[in-house]
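Q: Below are the chains, spelled out letter by letter.
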Amino acid sequence: MFWRILKKDLKRKKTMNIILLLFVILCSMLAAASLNNIVAVTGGIDYFIKTSDAPDVKISMPFDQDLDKKLIALPEVEKVKVEEGFYLTPDHFKLNGEKHKDLINGTGFFSDKEFGCKYFDAEDREITGVPEESFYCTKNFLQGVSLEKGDILTVTIAEETFSLRFEGIFKTAAHDTNNSSSPLIILNGTDWDKMNKASESSAFMKEKTLYVKTNDIDAVTKAAGDTEGISVYTKDHFSSYFMYDMITAYILLAVCILLVIAAFVTLRFAIGFTISEEFREIGVMKAVGIQNGGIRSIYITKYAAIAIIGSVIGYAGSIPLSSYLLKSVSRSIVFSGSNTMIGIAGSAAVIVLMLLFSYGCTRGIKKMSPIDAVRSGQTGERFGKRSVMHLGRSKLPATGFMALNDVLSAPKQFSIITVVFTLCVLMMTVMSNMANTLSSDKPIFLFGIPVETDASILDNEINNDSIKQAMEESMKTNDGWKSLVKETEKMLEENGIPGKATITMSCIYTTTHNNNNAGISYLVTRNAPADGFVYDAGSAPMKPDEAALTSAAMEKLEAEIGDRIKVNIGGTEKEFIITGTFSTFINNGMAARLCEDAELNLEKINNNMGVQIQFDGTPDKKQIERNIEKLKEVTGGEKIYTNAKMVETFTEMSDTLNSVKQMMMLMTVIVTALIVILMERSFISKEKSEIALMKAVGFQNGSVIGQHTLRFVMTAVIAVILASVIVLPMSKALLTFIFAQIGSVSSTGIAFDAVEIFAVCPAILIGVAFIGTLLTALYTKTIKASDTASIE
Amino acid sequence: MNTVLQTKGLCKTYIVNKRQNNVLKNIDLTISEGEMVAIMGPSGSGKSTLLYCVSGMDRVTAGEVIFNGKETARLSDKSLSQLRLDEMGFIFQQMYMMKNLSVLDNIILPAVKSKRNTESRKATEERGRQLMRRLGIGDVGDNDINEVSGGQLQRACICRSMINSPKMIFADEPTGALNRSSSDEVMNELLSLNRDGTTIMCVTHDPKVAAKCSRILYIMDGGIMGEKEMGHFNGGDKELRDRERELNNWLMEQGW
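Going down the list, the protein sequences come from chains A and B.
For the first sequence, counting from 1, position 572 maps to 572 in this note's numbering; every step adds exactly one.
For the second sequence, counting from 1, position 212 maps to 212 in this note's numbering; every step adds exactly one.
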């Protein structure tokens with residue numbers, strides 16, 4: 001009997017059950033894919049570092065240093081691998097005969113004779129050797145270009161030319177492969193030897209990289225500390241290389257959470273609604289003597305069946321979705337493969353939630369009595385009026401009045417729909433804001449350069465000898481920047497685009513406070529007073545012994561504003577007073593700002609943001625672009641960027657976010673349509689008698705359909721208004737939270753496309769609500785006036 | 001007297017599980033202006049089906065239905081809706097009302113919807129209140145439909161059916177869900193409307209209700225088996241008892 005009742009119910013309410021099933025599939029797919037994505041990325045970084053056999057300490061040093069011999073002798077050191085490399089500037093390269101215009105930094109060439117750690121190709125296979133006359137490169141070598149296997153890289157060194165075939169990209173856990181860092185190329189040992197010999201006079205840098213395995217990192221750091229010109233990196237640094245990949249993952253997670261919430265709220269509503277409409281069936285079952293538990297178990301079984309089937313299908317669908325999501329980060333990272341258990345956990349969570357919903361919703365069965373079957377669900381008791389408006393006093397036409405009155409008479413019901421619609425709009429608009437912000441100049445302050453900057457020159461290859469020479473000088477002495485600023489401003493003046501030049505650079509030093517220490521990146525911007533930057537608390541460091549720190553750095557050092565920190569700069573221990581806090585991405589948020597005249601150990605510069613230009617006057621966007629074109633013409637350089645282009649280039653997220661945005665918009669449309677169909681069908685089912693009555697007294701099909709459609713359109717409009725109010729503060733809060741995961745950020749500005757978030761996205765929601773309801777409401781045509789005779 | 005409703009060879013067939021069910025077979029009837037006609041018959045005889053077919057709420061399978069000179073079988077759904085709105089009134093057994101509207105708003109809704117009604121909303125509302133006062137429910141206009149008794153609600157349905165001054169009122173078991181005293185009240189109201197000239201067609205299985213009507217049509221197995229002229233009911237308990245006795249006897253002859 002139990003199964004017969006269940007089978008009849010599933011058959012009788014086929015459409016509703018199918019829509020519920022679709023919802024469960026969607027929830028399960030999203031939950032499994034998003035969870036998988038985040039766990040894969042966060043856990044995957046550790047996995048990648050482990051799989052790569054990454055060193056405990058990596059040390060980059062000049063070629064002529066012999067620190068490796070010293071370290072091998074240490075009892076704490078297990079093993080030291082050495083990679084030798086030389087760096088060439090981009091003007092030495094041609095790709096398929098074309099100059100590589102978009103490459104910012106010099107490229108390092110290393111041999112396959114000894115790899116410091118494991119490297120992997122694009123298919124995650126370990127590279128054990130490189131064929132002769134071939135090369136692998138890191139992904140940042142491919143900035144602005146697209147190479148196929150077999151394409152030719154021509155390297156000209158002095159009088160010699162070398163042709164190398166492209167084998168593919170390689171992935172490394174121990175090097176930063178973002179666009180802001182130097183790309184790496186690995187060659188066959190024989191080719192490397194030839195090129196190394198030819199580059200004796202051409203290479204701008206030769207270095208050794210030591211890969212140290214040790215059980216005492218401090219001992220190694222201490223031993224290396226005395227050597228000139230070295231940079232020391234630990235596994236914490238390696239994790240920070242993937243920070244921009246994490247931004248994408250977190251953004252995706254935020255939007256997926258919104259989607260899942262919308263889907264779950266709708267599910268809860270649908271389950272509660274459908275059970276409340278079963279009063280007659282429940283009343284009859286009670287009248288014939290079926291116990292509450294038995295009745296509840298019928299419905300719980302039905303929802304459990306839908307949940308299990310939906311979750312299984314959803315899990316299957318989450319696998320390609322998860323792959324697609326992971327694709328955006330897998331160019332950099334080797335993952336362990338799809339995380340089956342996590343995906344299953346996500347889908348299982350949906351089953352559990354749905355069972356909880358149905359258990360909670362069926363509690364009301366206890367209160368229903370057999371009399372409910374007779375009285376059509378009415379107990380005779382009412383608390384509060386239902387009708388809110390007065391037809392006689394309203395100026396609205398009948399259809400509009402009925403629609404508005406329905407919405408106001410069932411505030412709880414329509415509030416839930418409003419909340420769901422609001423979430424749907426927010427999914428689209430928040431995603432849009434994030435994509436726009438990360439291709440705008442809003443986050444530029446997080447890269448340490450002045451926000452007033454109009455253009456940044458990142459090109460070292462400038463056909464202005466004075467500036468080139470000044471650039472070299474600026475890397476030799478702490479006063480060298482003055483001549484670079486002077487020459488640059490002179491060049492600007494001479495070419496009719498006068499402006500102010502600044503230079504931003506940073507070095508990582510070990511910093512101590514009490515017994516705490518941390519590797520902190522010290523930022524200096526020359527020719528820009530420190531009080532021109534934004535500080536979250538306290539004040540700017542204006543004196544040579546003052547520093548502003550990020551909150552993350554202060555937390556690590558357990559320091560506060562007013563405390564003193566100690567730093568070893570170029571062999572001299574210096575003390576700084578902490579004057580304030582600021583936000584930045586640099587060095588994963590472990591950074592400090594010094595005054596504009598502060599002295600740095602220039603041999604240890606690990607981050608050079610080039611020359612920033614602030615044009616005189618207040619040029620608009622178009623003028624700035626014209627000025628930049630002029631600059632390119634004058635200097636012969638290509639890598640002169642606006643702030644927005646800088647953000648886009650360094651984060652490499654613009655394209656990914658835009659395609660994710662489009663995907664999210666599509667998902668939102670699908671979710672909204674499903675919600676509308678589910679709810680409208682529920683309403684039609686509930687209001688069958690009223691629809692039949694309206695037709696009996698003379699309402700046409702069009703009026704009924706119009707009333708139903710208007711209700712949802714009104715709700716959609718309210719949702720759009722609500723979303724418009726909260727989208728900007730919500731986007732700001734979310735983005736700040738996401739940035740704070742990868743840097744030390746207390747707040748950020750938002751760039752938004754007003755047309756997209758206040759017109760296009762709302763129009764999409766209202767349009768989908770309108771069309772979805774209209775098409776679903778056509779079902780009311782099947783309800784005839786004569787159905788008043790057969791309605792219960 | 002003018003003919004308000006006429007049917008010729010009216011047939012209605014339903015197909016259920018590929019089986020043909022001839023509910024109405026060649027029904028010919030005529031209802032003149034000012035009549036109050038009761039349709040009686042056993043359960044499943046096709047009483048309500050006849051009412052829905054002649055009122056345009058359901059389509060006939062064959063035959064003609066002429067209402068106020070218009071052949072309804074040829075009318076589109078839109079025109080039929082218009083006809084029902086402007087020229088017909090309906091009273092149902094279950095007292096269907098719109099849950100989100102007050103009693104008064106339910107009553108005036110057809111008037112607001114009708115394009116023929118050119119008066120202001122306020123005037124329409126006042127007319128609705130007048131109707132309610134006439135039917136003795138003047139003080140429940142602003143109540144929700146759940147706040148009034150069954151009898152009051154059915155009188156509100158009568159008001160709704162009258163708001164557009166219809167040519168004819170169709171009542172399907174108007175007292176079916178009411179107790180005896182409410183039934184009497186509702187029937188008295190219908191009689192009062194009929195005396196004022198409203199034509200009424202009433203489906204009922206209750207001889208007490210039918211005895212107040214001027215003509216009775218007896219339906220069985222989809223056809224009209226008998227017709228009895230009762231004449232106008234003037235009121236009074238004795239007259240009612242006599243009419244009931246006469247009707248019962250006649251019904252027994254018909255096979256009731």
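Wrong hints could be hidden among the right ones.
[Unchecked claim] With a straight-line Cα cutoff of 27 Å, these simulated DSS-like cross-link-like pairs (lysine-lysine) come out:
(1) 70/B with 784/A
(2) 99/B with 366/A
(3) 781/A with 122/B
(4) 395/A with 99/B
(5) 99/B with 101/A
(6) 11/A with 18/B
(7) 122/B with 395/A
(8) 99/B with 621/A
(9) 228/B with 688/A
(10) 78/B with 395/A
(11) 11/A with 366/A
(12) 395/A with 115/B
(13) 14/A with 122/B
(14) 228/B with 784/A
(15) 115/B with 13/A
(16) 70/B with 8/A
(17) 688/A with 122/B
(18) 784/A with 122/B
(19) 7/A with 18/B
(20) 412/A with 99/B
Note that these hints are calculated values from the structure, not bench results.
Q: The structure should be examined with respect to each hint, and the outcome stated for every one.
A: Hint check:
With a C-alpha separation of about 21 Å, the suggested pairing of residue 70/B with residue 784/A holds against the 27 Å cut-off. Between residue 99/B and residue 366/A the alpha-carbon distance is near 25 Å, which keeps this suggested pair within the 27 Å criterion. With a C-alpha separation of about 32 Å, the suggested pair residue 781/A and residue 122/B falls outside the 27 Å cut-off, and the hint is violated. Taken as a hint, the residue 395/A and residue 99/B pair is honoured in the structure, with Cα atoms around 21 Å apart against an allowance of 27 Å.
Of the supplied pair hints, the one linking residue 99/B and residue 101/A is violated, its CA atoms being roughly 72 Å apart against a limit of 27 Å. Of the pairs offered as hints, the one joining residue 11/A and residue 18/B holds, with about 20 Å between alpha carbons and a cut-off of 27 Å not exceeded. Taken as a hint, the residue 122/B and residue 395/A pair is honoured in the structure, with Cα atoms around 10 Å apart against an allowance of 27 Å. As the CA atoms of residue 99/B and residue 621/A are separated by approximately 59 Å, the hinted pair breaks the 27 Å bound.
Taking the CA atoms of residue 228/B and residue 688/A, the gap is near 38 Å; set against the 27 Å cutoff, the hint is violated. Only pairs whose Cα atoms come within 27 Å are accepted, and residue 78/B paired with residue 395/A is accepted, the gap being roughly 25 Å. Restraint check for residue 11/A and residue 366/A: satisfied, since their Cα atoms lie roughly 25 Å apart, inside the 27 Å limit. As the CA atoms of residue 395/A and residue 115/B are separated by approximately 15 Å, the hinted pair is consistent with the 27 Å bound.
Restraint check for residue 14/A and residue 122/B: the C-alpha separation of about 46 Å exceeds 27 Å, so the hint is violated. Annotation: proposed proximity of residue 228/B to residue 784/A is violated, straight-line Cα distance about 32 Å (limit 27 Å). Proposed proximity of residue 115/B and residue 13/A is contradicted: the alpha carbons are some 38 Å apart, above 27 Å. Taken as a hint, the residue 70/B and residue 8/A pair is broken in the structure, with Cα atoms around 45 Å apart against an allowance of 27 Å.
Between residue 688/A and residue 122/B the CA atoms are separated by roughly 30 Å; this puts the pair beyond 27 Å, and the hint is violated. Annotation: proposed proximity of residue 784/A to residue 122/B is violated, straight-line Cα distance about 32 Å (limit 27 Å). For the hint pairing residue 7/A with residue 18/B, the CA-to-CA distance comes to about 23 Å; that is within 27 Å, so the pair holds. For the given pair, residue 412/A sits about 16 Å from residue 99/B by alpha-carbon distance, which is consistent with the 27 Å threshold.
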